Amino acid sequence: MESIRALDAAVHAYLRALPTAVRTGPFTIRFDEHDDALPYNYAIPDDGGAPTAADLAGLVAAFRTRARTPRLEYVPQAAPEVEAALLAAGFVPEGRFPLLVCPPEQVIDAAADPAVEVSPVTTDAGLLAAAQVMNAAFEAPEATEHDVARLRRLIERGGLAAAATDITTGEVVGAGQVGAPAKGVAEVAGIAVRASHRRRGIAGAVTAFLTRACAGTGVTTPFLTPADEAAGRVYERVGYRRAGDMLHISLPG
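Counted the way our numbering counts, the sequence shown spans residues 1114 to 1366.
Keep in mind that the hints were calculated from the coordinates and are not lab data. One should not assume that every hint holds.
The calculated lysine to aspartate or glutamate pairs, modelled on EDC-like cross-linking and capped at a C-alpha distance of 20 Å, are [unchecked claim]:
1. 1296 <-> 1145
2. 1296 <-> 1218
3. 1296 <-> 1160
4. 1296 <-> 1258
All of these numbers come straight from a predicted model, not from anything done at the bench.
Construct the entire structure; sequences and hints are all you get.
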């Protein structure tokens, strides 16, 4: 078995560090009781694990009983025997995405629209506005109080949420978040911009703001996983560099 890099193990430890996580066999599962969206419901295998058919049956059952799609998001290098077992059980890769990292002190300020200001949000109104932008960008249902509560819990656990506001209109046009840190690691996620304000450097500005703010929460290793090459270029412009891969894989039907 390949050796497990410190970064891969740290990212996995972060992904597992949720108070409400569920254990089944060699897997930790993160469920959202209010939202069945794929990004909120996934499993992480134990590092170096080699799941049996019974382990995978238990994993699938844990998702099915909650009306969720059985799926995983993990660093394949940290558990190299898991993918073959999943494929044999009928799982299908959704995508293999670059794992990018950027220490807060290495953030680069890229050019952005001077009429847009990025700041942290903590009020319910601010969190709702940020959630509305993120949900719209990722084609999720209209944001509700459950989205606000999710972001509130994230902040209470040490995470961050930010909004980009058009100072000429007062409209929130961009948003993003950083997960609650675990041993110096946290994910920068949900970077979103309204369609009306894209291609103005706002996504990069939100990413740079959140990454730099990580320093104040004790995070030394912010990471993210861009969904496509265009998003990856945005993050690279503010200092992110590839350090590995993340696999998203799920069971159809």
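Do the hints match the structure? See the list:
1. 1296 <-> 1145: violated (23 Å)
2. 1296 <-> 1218: holds (18 Å)
3. 1296 <-> 1160: Roughly 17 Å between the alpha carbons, so the hint for residue 1296 and residue 1160 holds.
4. 1296 <-> 1258: violated (30 Å)
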